[in-house]
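Student: Whenever a hint applies, use it, and build me the whole structure from the sequences.
Each chain, letter by letter, is given below.
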Amino acid sequence: MKFDTPATTNPIDQLKIVGQPLDRIDGPLKTTGTAPYAYERHDVAPNAAYGHVMGSAIAKGRIASMDIATAKAAPGVLTVVTAENAGKLGKGEYNTAMLLGGPGIEHYHQAVALVVAETLEQARDAAEMIKVAYAPAKGAYDLAASRDSAKPSGKDDEPADSRVGDFDAAFAAAPVKLDATYTTPDQSHAMMEPHATIAAWEGDKLSLWTSNQMIAWSVGDMAKTLGMPEDKIHLMSPYIGGGFGGKLWIRADVVLAALGARAAKRPVKVALQRPLMFNNTTHRPATIQRLRIGTTKDGTITAIGHDSWSGDLPDGKPETAILQTRLLYAGANRLTRQRLAVLDLPEGNSMRAPGEASGMMALEIAMDEMAEKLGLDPVAFRIRNDTQVDPEKPERSFSQRQLTECLRTGAERFGWSARKAEPKQMRDGRWLVGLGMAAAYRGSPVIKSGARVRLDAKGTVTVETDMTDIGTGSYTIIAQTAAEMMGVPLDKVVVKLGDSAFPVSAGSGGQFGANSATAGVYAACVKLREAVTAKLGLNAADAQFADGQVRSGQRSIALAEAAKGTELVAEDAIEFGELDKKHQLSTFGAHFIEVGVDAATAEVRIRRMLAVCASGRILNPKSARSQVIGAMTMGAGAALMEELAVDTRHGFFVNHDLAGYEVPVHADIPHQEVIFLDETDPLSSPMKAKGVGELGICGVAAAVANAIYNATGVRVRDYPITLDKLLEKMPDVG
Amino acid sequence: MACNKRRPGSGCSALGGYSRQLAVVGGSDACIATHPSDMAVAMRVLDATVEAVKPQGATRTIPIADFHRLPGDTPEIETVLEPGELIASVTLPKPAGGMQHYRKVRDRASYAFALVSVAAIIQPDGSGRVALGGVAPKPWRREDAEAEFSRGAKAVMAKLLAGAKPTEENKFKVPLAERALAAVLAEPRG
Amino acid sequence: MKPFTYERAASPAGAASAAARRPDARFIAGGTNLLDLMKLQIETPAHLIDVNDLGLDKIEPTPEGGLRIGALVRNTDLAADARVRRDYAVLSRALLSGASGQLRNRATTAGNLL
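In the order they appear, the protein sequences are chains A, B and C.
Per this note's numbering, the first sequence starts with residue 3, numbered consecutively.
Per this note's numbering, the second sequence starts with residue 2, numbered consecutively.
Per this note's numbering, the third sequence starts with residue 1211, numbered consecutively.
Hints were generated in silico from the structure; no laboratory data involved.
Be aware that one or more of the hints could be misleading.
A partial selection of chain B residues facing chain A, derived with a Cβ cut-off under 7 Å [claimed, not checked]: (1) A3; (2) C4; (3) Y112.
Computed beta-carbon distance windows for the label pairs [claimed, not checked]: (4) P105/A / D67/B: 50 to 60 Å; (5) E169/B / L91/A: 21 to 31 Å; (6) E397/A / K172/B: 29 to 39 Å; (7) T1215/C / P94/B: 36 to 46 Å.
None of these values were measured; they are calculated from a predicted model.
A virtual CB, placed ideally from N, CA and C, is assigned to each residue, including glycine.
Tutor: Spelled out as structure tokens, the structure:
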């Protein structure tokens, strides 16, 4: 199905099942511990041997020599895989560094060996016996030090530089202006389930049970890496214990499990050890961001400029922190520039809302600083600079844009009027109290997505698509979509996901999954409805699917009748035309935060969080809310604690476990509220939905930073905002 | 990575490296690890004693002040226990009274080691005891610092953290400890 | 992790003498640190002496008016003891500020000193 004209009324608009706050259909499996995650598939590979990954002890250089003889001879060891004995390996399209290093080493903890043994303990013990002599080379590990060497970096649709009007002149002439630099640190996904895979060969066919967000990408990249045809690879990832962008692609676990299984001639399971994950896998790269904003005296933006620097391995990618600045606020003269330095730290890549999550951390503090300079309320300042069209291409309108409604609703519901513009005015016992806010913005891309639907003689509808559920609720919203389309209750729908034998979907990433994948299911259901009416001899034009019946004219026939004898199967994909080029598809929101800052110790504790989101039709308010509060929590972590500490001498992230890399715990998140504005977006898809899982993080950290400023009068521009950055300027104790 | 505590003689990656969490006082050129226990800091301020059993069955009593060793050149040896010696019990002396505080300062609200912790017992007359966690290789207390209570937190800390050698990354712990104690002293005494 | 042998000691002196016979042995009580360190091969004992059955899990008043806390008293139990809460509040507060409920249920008084 081609989607190239705005959606009109369709069966989804009934909203009998779609749009309802239904419990997850996979919830009981999760809460009873019976959802089969990749590493636990004893049922499919009862005789799997255990693999243990060894990571490089240097960040850059070469392996001079490697002695695996002792390890190979150790008790229980079946094989030791290294680059030397693995055969020729390719590199996936989505990988920057090789997933098995050697002799060249590209980053710290790059995998250099897999030890396979009968037990995990034997594999781990034998790995300690491998002797590696390294020849280290000098590397670059410090973004600030490498900033001046950074080069322009962009792609066709995201050029390195964008310019409108004459930024320099307009900024110079602006009566009120801000020129400030902000930094965000490297961050880790730190998802609960590590990367994990069981691999099994049957002849030249490879089966992979893994934890992965993008099935088709990963089949393609496994084929490239192993030099084998894609159709010999069966990749399954039905349950994923968190991804956040860290599992968009294959990583060392899946490649090494496949190589280990081939060498050991039996299934092999590999889970990346937690201490390896922070340096072995990808992370959100650190940024340095310079914001320049010039306004008239009444607060109308006349010049807005955003420069961003980040680093990555050679041939890597920039953190696109300037994205939102091109679209969020009006202003006649604009400049954004993206620069990329070569760093020999582990590979930087996507993490929840890549680009905007980091960019909003800087932009939305800058907006707060400007509002203060102007003597304007931060909410009013943003509303004054709203735009309904793409500020770079005014002929392009937003498909929907309710930013000002989000801001106003949030201010009202949060009690924003109680905020004192002057900092340090509110106190509650030992706590200095402050309120802060930020806008939320995230693009809402759409991606081709396919599905297959089956109707059997019992009237059960089964959906098959390689879409994944990374804890987001995909199972449930897909079931809701099929149930609504076919007129059956939710318990008559079976959803099967995450299998490369199923039609290729959008996958989970970039908050494109929910809208795109359900639209693909919609398309397949439209086809199935046609097959049903044809089979039943009903008029497709006026057929109604409801209550397990198909009605047309005076006739009403049970849906199951259509599948008597033979199952009915329909497959289709939603393909998006030019609507998302002619219009800007984006999601908008507003975050409001109250913090307390301990007057003595400068410990920051969040007291209240509110998010207002305008992001198209909400397919399931319950799972959407879970997405948003999870994203808000991640934003709180970014604001207050998350930072991969770089050892710039040796080139690695030091705090590479969950004790050293702190993420919020329950006690850090006392109260969260989410409001979804009523919105449908007929330009986005037949579902009229958009993404929401990434919108929820964008702007949170800045809102926290702004609240801290309001509480203390201390403006911190370097994340995370830990107490040591506030302490010196705190009031005397006692 | 190198660690003299875990692999004696291998060196120390934290010296000159990432040290935000580590000791500001009592460390050595071999090791700046902190003692991570909260309980031990309270035991120290309570003047607990440790009863240990030696392999031949003999018992001895070790004041908690003497129980932990500073790292010196042998950071791998953390206590005065001899090989095979077993802790049997810990004894608290009769109650000290006063207002008893444990103020643990950390980046997140729970499930984290202390950046600084203050265990303090403050008597109605303003005298008191204080031990610190998160700043040293052992629960950190100096009885001579406690004579300064009448002069306030700054005076106490000047003695308690005398000789501190913080790194650029953890130097904030010195004013933080002082401010945390000041906050404790500002609380009602009865 | 290295293979290791294991025994349960029956008395404090027995545990200590077992340890004296095996310089490569470690005592194990709650195991909240030792097992982690063994997995990382920072600790590589060849023998573990389990001291959980030594009867050292009581909190008793002393003739001097204090409290004797057995080495095996769990952090959770110590923090919740009414005498500790009343007379040694700093100890109860310190215990509750550490680790998590699950860890405090396992962690012992002696282990936490080490």
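Student: Which of the stated hints cannot be reconciled with the structure, identified by number in ascending sequence?
Tutor: 1, 2, 5, 6
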